[in-house]
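Undergrad: Each protein sequence line maps, in turn, to chains A and B.
Going by my numbering, the first residue of the first sequence is number 1, and it counts up by one from there.
Going by my numbering, the first residue of the second sequence is number 1001, and it counts up by one from there.
By construction, these hints were calculated from the structure, which means they are not laboratory data.
Some hints could be false.
To be verified - Derived DSS-like pairs: lysine-lysine, alpha-carbon spacing no greater than 27 Å straight-line:
| # | chain 1 | residue 1 | chain 2 | residue 2 |
| --- | --- | --- | --- | --- |
| 1 | B | K1128 | B | K1022 |
| 2 | A | K128 | A | K22 |
| 3 | B | K1274 | A | K128 |
| 4 | B | K1128 | A | K128 |
| 5 | A | K274 | B | K1128 |
What the hints assert, rightly or not - One side only, chain B facing chain A, incomplete, derived with CB under 7 Å:
| # | residue |
| --- | --- |
| 6 | L1135 |
| 7 | M1193 |
| 8 | D1208 |
| 9 | A1219 |
| 10 | A1246 |
The C-beta atom is built at its ideal place from N, Cα and C for all residues, glycine as well.
2 protein chains.
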Amino acid sequence: MQRITIIGTGLIGTSVALALRKASTETEILGFDANPAESAAALALGSIHSALPTEQAALESAALSNVVVLAVPVFAILDWMPRLAAVMKPGQLVTDTGSTKLQITESAQQLFTADTAAFLPGHPMAGKESGGAALAEASLFRGAMWLFTSTSPETPASSAWRALVAAFGCRTMDLDAARHDTLCAWVSHMPQMVSTAISALLLDEFGDDPALTAIGGRALREMTRLGASPYSMWRDVALSNTEPLAATLHAVEQRITHLRENLRTPELREEFRKANTFRAAPNAPKPPTA
Amino acid sequence: MQRITIIGTGLIGTSVALALRKASTETEILGFDANPAESAAALALGSIHSALPTEQAALESAALSNVVVLAVPVFAILDWMPRLAAVMKPGQLVTDTGSTKLQITESAQQLFTADTAAFLPGHPMAGKESGGAALAEASLFRGAMWLFTSTSPETPASSAWRALVAAFGCRTMDLDAARHDTLCAWVSHMPQMVSTAISALLLDEFGDDPALTAIGGRALREMTRLGASPYSMWRDVALSNTEPLAATLHAVEQRITHLRENLRTPELREEFRKANTFRAAPNAPKPPTA
Chain A
1 MQRITIIGTG
11 LIGTSVALAL
21 RKASTETEIL
31 GFDANPAESA
41 AALALGSIHS
51 ALPTEQAALE
61 SAALSNVVVL
71 AVPVFAILDW
81 MPRLAAVMKP
91 GQLVTDTGST
101 KLQITESAQQ
111 LFTADTAAFL
121 PGHPMAGKES
131 GGAALAEASL
141 FRGAMWLFTS
151 TSPETPASSA
161 WRALVAAFGC
171 RTMDLDAARH
181 DTLCAWVSHM
191 PQMVSTAISA
201 LLLDEFGDDP
211 ALTAIGGRAL
221 REMTRLGASP
231 YSMWRDVALS
241 NTEPLAATLH
251 AVEQRITHLR
261 ENLRTPELRE
271 EFRKANTFRA
281 APNAPKPPTA
Chain B
1001 MQRITIIGTG
1011 LIGTSVALAL
1021 RKASTETEIL
1031 GFDANPAESA
1041 AALALGSIHS
1051 ALPTEQAALE
1061 SAALSNVVVL
1071 AVPVFAILDW
1081 MPRLAAVMKP
1091 GQLVTDTGST
1101 KLQITESAQQ
1111 LFTADTAAFL
1121 PGHPMAGKES
1131 GGAALAEASL
1141 FRGAMWLFTS
1151 TSPETPASSA
1161 WRALVAAFGC
1171 RTMDLDAARH
1181 DTLCAWVSHM
1191 PQMVSTAISA
1201 LLLDEFGDDP
1211 ALTAIGGRAL
1221 REMTRLGASP
1231 YSMWRDVALS
1241 NTEPLAATLH
1251 AVEQRITHLR
1261 ENLRTPELRE
1271 EFRKANTFRA
1281 APNAPKPPTA
């Protein structure tokens, strides 16, 4: 690849740029961010070769790129898609890193046709509770799952992008966009919202009482870690995956209620047995083997 | 100290023994466990010098010890307390590691008087999601908080025990037993029950479908880690701290409901703002500095 343009040089976009630099020394990487401080930080980190100053410059760079990576929140991706479809040609590829895929995949089917660039919807299951180029790492995707929800045939450019993702150290999986959104509601969006709700509740209950955190250990830390996550990204998840997310949260509420009502009954044993079984399963969530 | 008897050589009791061996090479450490395999494992790890074969042997060893450490679930602690009070004398100390403190502290006030050994109620805020001597570590308590809820004057033996706890690398705090139980409901018992509820729910929803865990990353792993915790210990927490725990779970249920009902309203921004504030506070839960 000769040129890749990354739109959105926050944590994910800048980490993609760093991983690309490791995987391919020949490719020129250009980056745009609506916040010039972010693209300046990405440039200072040596992730991108040039920072594009304006949206117009980003579109001009996109028109000359093999691949454009949209690494912005979901509704910003949806905004960029028609603009890119208008200036990019067959042989070129647009891909994205958005957290929800149904709306993006449906939009791609309408906008990206045989007469335009191809579009490969993607979603790396990687991140941190805080965003920004400054936290980016080339190794962010190592061992992570990178999901694809494509509905169109592979092209040479999409195959080349998949090879790069594999070179980042990712496992990959292709799945239906609706199933993606339901699964991600369970494994990612629900944990985020539960952590946000508990963190906000603890602020209301304890303010800056130091006793809480002096006493709290790993359980409190893990349960509230995602409380630091930015609203700007998660608002788009909440708006673009409302029904599946609301269904998982409702199920969680009911399950906590059930456990609370059984703190003094034998049913508590059954809940612990099921939880133990979930964690003991051969494919239970384990820390990545380093 | 010449002799310490540890009753319960699971994860906590055996870790205490290992930490004692590091802190004091002169002390003989004897251990009893209702499961002989656990005391045999503790002996094989070099944590205790001898494994006591029977409850009677444990009581005889207790009568000859400077300190007895009760490292068993809360109701087992409550069962051992009158038996130890009957055989131990002024100058000796009984202490414990129970997760809830109100019932234990009230019982200690009645059973341990000027005519008996002293009792120092304690609670190390350390552990793992799985129990057992095999997982014990001398460093388990390093940087952790060890809480005390004493209502009686210090004795030479209780001061010596506090010095050993400090030598384990612990911070310590003294607080009222009722406040202890309320704070621990928030920082420890609620996260446990939320994790158990979510893990049990995921088992019911997904069974052994590999997609869930293939896709899930750190968020799912952290949110369900405590799902592996043993019922035997947590049943006693649920029974001995029911009201504070039920109150925190009810508050969490209501907060998740509130967030779910506001996935598409500006109130979601406010919840994220509060959660961000909680995590950004100077005393927010941070990983231990290694």
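Undergrad: Against the structure, test the hints numbered earlier, and report the numbers of the ones violated in rising order.
TA: 6
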